[in-house]
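**Q** The lines below spell out each chain.
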Amino acid sequence: MSAASGTRRERFANKRLLLAAAVAALLLIAAIIAALAIGRFPISPGDIAAIVWAKFTGGAHGLPATAETVLFQIRGPRVIAALMVGAALAAAGAAYQNLFRNPLVSPDILGVSSGAALGATLGIFLSLDLWWIQGFAFAFGLGAVAAVYFIGQAVRGHDPILVLILAGVVIGALLGSVLALLKYLADPYNQLPAITFWLLGSLAATNPADIATTFVPVLLGLVPLWLLRWRMNLMALGDEEAKALGINVTRLRLAVIAAATLMTAAVVSISGIVGWIGLLVPHFARLLAGPNFARLLPVSVLLGAAFLLLVDTLARTVSRIEVPLGVLTAFIGTPFFIWLLATARRSWQ
Amino acid sequence: MKLAVENLSFGYPGKRVGAGVSLALDAGEVMCLLGPNGGGKTTLFKTILGLIPAQGGNVRFGDTPFDRLSRAEVARIAGYVPQAHSGYFPFSVFDVVLMGRAAHLGPFSMPGKRDREIARAALATIGIERLADSIYTRISGGERQMVLIARALAQEPRVLIMDEPTASLDFGNQVRVLERIQRLARTGLAIVLSTHDPDQAFLVADRVAMLHEGRLVRFGPPAETITPESLKLVYGVDIAVMEIAAAGDARRVCVPALAPR
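Going down the list, the sequences are from chains W and U. Positions 1418 to 1766 (the working numbering) are the ones given, in order, by the first sequence. Positions 2 to 262 (the working numbering) are the ones given, in order, by the second sequence.
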């Protein structure tokens, strides 16, 4: 895709993409520095640089040891987790939206998040370790999206977008009631507070070991999506046309759903339910980068990471007690969803 | 190489649309499929292409049965031009045409320089290079139809299957599409198209197939198949077939006989 061989529009689109990527990258760097600096124990950007430099060179930075602990043990892992969760949810959202040809679907609306949350809660309930919690989250998330998809296929004669969303709501409600049952059965002193707080969405409990465990499945989901980036565009034509052009639609859809669900489940296992990212971010990315998935995916990843990091920084600094992440994203996401519902068809043309 | 459809039954689960359809078409030939609304023309095309499973019979190209081929292998033999609709994402025309290269690319590959050249050549063949940078969702219906034909050409198929390529086009665009069809056939492509207008069959077709209640009632050269009797059978109205002198050439046209006022 060299600029020289492209059409006029492509050269223009390439410039626009570079601009979008540059804006997103700058936003991201600013967000990272702010997130590392701000908090109950403020560290100036200069001090951050000194500590990181000292760590790499093995020298001394002459700052209190607390600063280093806060940076590497508490804030650093949390920043990385926020970046990872935001990037994964946004990428999964972009993939689902292209796959279902529907601007209103996202991991939370398709029931993937609730399914993954139920699986993960079951894991916590049974006191399993993180690998198992993620495995459960993946299996239940996949089950949920499969159920929603098949309901959408089976119910005909209605607006397919509406059916898909309603199926997501219904399956989400069902999973929610099972979740309520688990909470009812959980030990009210040890398990219940952990489950409840985690369900609201939070990165407060992130530790470096979780990050390593989550990074692998996120990467395993992201790499196939990137490799399939051109084919993803053909899915936008509808099943029959994609087939007629030589695409094995069933296999491609299965691969993309598996990849996107794996990423969602992996991050839900460490962050709990953080809604709306997967809906909101790909939409803005599309406004910036256009519908081509090869451009949409990287811009979604950058924007998602930056956005969640900002929200998480806000969540832990806006008041003396930490505001749950899911609550904040819902405050931003709900009005956005209503606006999108009113304008989606137009904005996709 | 011949496209052969043998004793094909087609329809949807629990609903048979047609049966016993046999057709054959050589390279460089144009076949027109005529039939009333809802007569199963689109279903037949989709079954030939393997987009919906056949309920019986088979489709072969040369000695190769389609049902033993992968989707990509079928797509390298047969290109499909669906009826133009606007329900796409706002991709550029060039990107839409480039999608025709999918059957020639592995699952993880991106279209390369050669693919882009082929897509550009397809645009040139159809005469719409100027549209390359336009947004597909913002061009006219006639232009969209041309883009979909160009996309099928970028697929480099041996057979082109076109579902009512002139439907919803104005008269000028209809004629332009028919001219392209004729020119493409001369390059050795076998072309199957469905149409509502039997006159188009007289203009471009080497063979005509007439579908009535899911059965093939006529199959042969236009002059032998399109007769007042067959038109009455298929469409249920009286139509006269007349010979006129057009451009120094004798040509047949269909003239509907309206009930006297």
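Among these hints, one or two may not hold up.
Only part of the chain W face toward chain U is listed, based on derived beta-carbon distances under 7 angstroms [as the list claims (entries may be wrong)]:
#1 Gln1570
#2 Val1572
#3 Arg1573
#4 Pro1577
#5 Leu1579
#6 Trp1643
#7 Leu1651
#8 Ala1653
#9 Glu1658
#10 Leu1662
#11 Gly1663
No lab work stands behind these hints, which were simulated from the structure alone. Quantities reported herein were computed from a predicted structural model and do not represent experimental measurements. C-beta: ideal position from N, C-alpha, C; glycine also.
**Q** Return the status of the interface hint for Leu1579 of chain W: holds when the least beta-carbon distance to chain U is below 7 angstroms, violated otherwise.
**A** Hint violated; Leu1579 of chain W Cβ to chain U Cβ min 16 angstroms, cut 7 angstroms.
**Q** Can Gln1570 of chain W be said to touch chain U, with a Cβ gap under 7 angstroms?
**A** The hint is violated - Gln1570 of chain W has no Cβ within 7 angstroms of chain U, the shortest such distance being about 13 angstroms.
**Q** Does the CB of Gly1663 of chain W sit less than 7 angstroms away from some CB of chain U?
**A** 3 angstroms, holds
**Q** For the restraint on Leu1662 of chain W, tell me whether the closest CB of chain U is nearer than 7 angstroms.
**A** Holds. Min distance 5 angstroms.
**Q** Please verify that hint: Arg1573 of chain W, Cβ, nearest Cβ of chain U, below 7 angstroms or not.
**A** 12 angstroms, violated
**Q** Should the interface hint for Glu1658 of chain W be scored as holding, given a Cβ-Cβ cut-off of 7 angstroms against chain U?
**A** Holds, about 6 angstroms.
**Q** Would you check whether Val1572 of chain W satisfies its interface hint, that is, whether its CB is within less than 7 angstroms of any CB in chain U?
**A** 17 angstroms, violated
**Q** Given Ala1653 of chain W as an interface hint, is its Cβ closer than 7 angstroms to any Cβ of chain U?
**A** Where the cut-off is 7 angstroms and the nearest Cβ of chain U is about 5 angstroms from Ala1653 of chain W, the hint holds.
**Q** Do the numbers back the hint for Leu1651 of chain W, that is, is its least Cβ distance to chain U under 7 angstroms?
**A** This hint holds: Leu1651 of chain W lies near chain U, its Cβ roughly 5 angstroms from the closest one there, short of 7 angstroms.
**Q** For the restraint on Pro1577 of chain W, tell me whether the closest CB of chain U is nearer than 7 angstroms.
**A** With Cβ-Cβ at 11 angstroms, over 7 angstroms, it is violated.
**Q** Taking the least C-beta to C-beta distance, is Trp1643 of chain W closer than 7 angstroms to chain U?
**A** 9 angstroms, violated
Of the numbered hints given earlier, the model fails hints 1, 2, 3, 4, 5, 6; all others are met.
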